[in-house]
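Letter by letter, the chains look like this.
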Amino acid sequence: MNLDDIYRETILDHNQSPRNYGHLEHPTKSVGLLNPTCGDQIQLELAINEGRIQDIRFSGQGCSISMASASMLTEAIKGKTIDEALALTSNFKNFVTGGQSSVSLGDLEALHGVSQFPSRVKCATLAHNALEKAMTDSAT
Amino acid sequence: MITALVDITEDFPILKRQINGHRLTYLDSAATSQKPQVVIDSIRRYYEISNANVLRSVHTLAEEATVAMEEAREKIAQFINASSPREVIFTRGTTESLNTIARAWGDKFLEAGDEIVLSPMEHHSNIIPWQQLAKRVGALLRYIDLNRDGTISVDAVRHLINDRTRIVTLSQVSNVLGTINPISQVAKLAHEVGAIMVVDGAQSVPHQPTDVQNSDIDFLAFSGHKMLGPTGIGVLWGKEALLEAADPVVFGGEMIAYVDREDATWAELPAKFEGGTPHIAGAIGLGAAVDYLNSLGMSRIEEHSRGLAEEAYRKLANISGVTVYGPAYPRTSVVAFNISGIHPHDVSQVLDAHGIAIRAGHHCAQPLMHWLDVGSTARASFYLYNSDRDIDVLVDAIEATKRYFKR
Numbered sequence: 005m006n007l008d009d010i011y012r013e014t015i016l017d018h019n020q021s022p023r024n025y026g027h028l029e030h031p032t033k034s035v036g037l038l039n040p041t042c043g044d045q046i047q048l049e050l051a052i053n054e055g056r057i058q059d060i061r062f063s064g065q066g067c068s069i070s071m072a073s074a075s076m077l078t079e080a081i082k083g084k085t086i087d088e089a090l091a092l093t094s095n096f097k098n099f100v101t102g103g104q105s106s107v108s109l110g111d112l113e114a115l116h117g118v119s120q121f122p123s124r125v126k127c128a129t130l131a132h133n134a135l136e137k138a139m140t141d142s143a144t
Numbered sequence: 002m003i004t005a006l007v008d009i010t011e012d013f014p015i016l017k018r019q020i021n022g023h024r025l026t027y028l029d030s031a032a033t034s035q036k037p038q039v040v041i042d043s044i045r046r047y048y049e050i051s052n053a054n055v056l057r058s059v060h061t062l063a064e065e066a067t068v069a070m071e072e073a074r075e076k077i078a079q080f081i082n083a084s085s086p087r088e089v090i091f092t093r094g095t096t097e098s099l100n101t102i103a104r105a106w107g108d109k110f111l112e113a114g115d116e117i118v119l120s121p122m123e124h125h126s127n128i129i130p131w132q133q134l135a136k137r138v139g140a141l142l143r144y145i146d147l148n149r150d151g152t153i154s155v156d157a158v159r160h161l162i163n164d165r166t167r168i169v170t171l172s173q174v175s176n177v178l179g180t181i182n183p184i185s186q187v188a189k190l191a192h193e194v195g196a197i198m199v200v201d202g203a204q205s206v207p208h209q210p211t212d213v214q215n216s217d218i219d220f221l222a223f224s225g226h227k228m229l230g231p232t233g234i235g236v237l238w239g240k241e242a243l244l245e246a247a248d249p250v251v252f253g254g255e256m257i258a259y260v261d262r263e264d265a266t267w268a269e270l271p272a273k274f275e276g277g278t279p280h281i282a283g284a285i286g287l288g289a290a291v292d293y294l295n296s297l298g299m300s301r302i303e304e305h306s307r308g309l310a311e312e313a314y315r316k317l318a319n320i321s322g323v324t325v326y327g328p329a330y331p332r333t334s335v336v337a338f339n340i341s342g343i344h345p346h347d348v349s350q351v352l353d354a355h356g357i358a359i360r361a362g363h364h365c366a367q368p369l370m371h372w373l374d375v376g377s378t379a380r381a382s383f384y385l386y387n388s389d390r391d392i393d394v395l396v397d398a399i400e401a402t403k404r405y406f407k408r
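If you're matching them up, the sequences are chains V and P in order.
Its first residue numbered 5, the first sequence is counted upward by one per residue in the working numbering.
Its first residue numbered 2, the second sequence is counted upward by one per residue in the working numbering.
Some clues are possibly wrong.
[Stated by the list, open to error] Pairs of lysine-lysine residues, derived as DSS-like cross-links and limited to a Cα-Cα distance of at most 30 Å, are as follows:
1) V:Lys126 - V:Lys82
2) P:Lys316 - P:Lys407
3) P:Lys136 - P:Lys109
4) P:Lys189 - P:Lys240
5) P:Lys403 - V:Lys126
6) P:Lys407 - V:Lys126
[Unchecked claim] In silico contact screen, one side only, chain P against chain V (beta carbon under 10 Å); selected entries:
7) His346
8) Asp353
9) Ala354
10) Met370
11) Gly376
12) Tyr405
13) Lys407
Keep in mind the hints are simulated off the structure, nothing from the lab.
All C-beta atoms, glycine included, are put in the ideal place defined by N, C-alpha and C.
Take the sequences, apply the hints, and build the full model.
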């Protein structure tokens, strides 16, 4: 096992300097999600206008994989429509469990090594599950 | 120098394994211990030679299986100094034992307004059964204030106990802090107001001599798999009079005396609490584990577990950026820690690359994580096959982890 397979430089960079970390002044949607097995938690805040994600922030605590994945996700979906964002999370989940993605994942592709570490898939998908929850919950 | 108490490679086949190119350093015994060859062999022998259901039939195999299981019960009774094997109930483990006490004794004897005293350092399995009992009967949970170092002072318990207290429940050893709690003194306070004393022995029974009569507790719960036995077998011990007074909670085969269409009467102890076919092989394996522990001596094991935990505390606390939780001394068997700026899951991942198995997470103790004001911790835990060399391996790997994450 090579640690660098999972902890790619891009991941360590996003973990050290997370993008879009913090809070929005006027979110139209916010959602929290807990990973009950490890206690990690994430909060997503979105400003959605006419079906498009105008702005997004995340906060919370977790391991480098979950924090980097959240940071990368916010970059990947800012400015995208809700449908595009959900297509991305669905493809990403397939990608980190050993499948292919039919859309470009950007920096998220650095998380490919996670597919070799089944216990870390939960970490990599926490923010993505939070986003899906935000889109399916009727409450804001 | 602290050496392993046993010949590792002779007795514990799994410890010969190489993990990611390194000799396995197993530091997760608080989650589950490894199993010696004699335990593995005893289970295999039962299935190969004597497999039959217990108590039911008169054929030779059934007789052998029954004798083997009851011998295991007697060994366990002696191991904890129970006054009779009738007080030793086989369960799936500590969790089921604690749930059984809450249902069997709690539901029958607690009323609205009664109080249950417990600590915030408990494992979820010694919190949730009492939360649920409190909801069912309208009782109140009263939490002991911990000292700053994570220990419990008898005075803090004294303040909390009053004439509404019916149950006091404590872990004898914390699965996160390694704290050794004063259960005998607390039991005395509980008895002064007519309450019962329940002890979660999951982390103590494997590591130190247990004497339920001398410590004067009322119920004890522990698991076989943390003391060299197989998973799926554990023990509920209770004072005979309390077990007699309590109602069974699992109904069906083997727990009855007489059944008609409308009602039934219960079997004698311990069968009254063992509805259904028990984990016969598990009980026999646990009996073999008790023999193995006795051959080493529980006092030696206690000294060894404390020595390793206290040395690990000293060495880890000396590493810059490392926080260790709980008291420096006395402590036993576990050391929970964090490295500044590195999440415990990442620590565990890097240690695994060095062949080291530790636990990372909330350790089924979320209220304690809130008290410590952390989301999770890493935890190294020790047992009789560990040595101070394993601590050195851990310290080196922690340094390597810091370098990897540039901390």
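Which of the numbered hints are not met once you compare them with the structure shown? Checked against the structure, no hint fails, so every one of them is satisfied.
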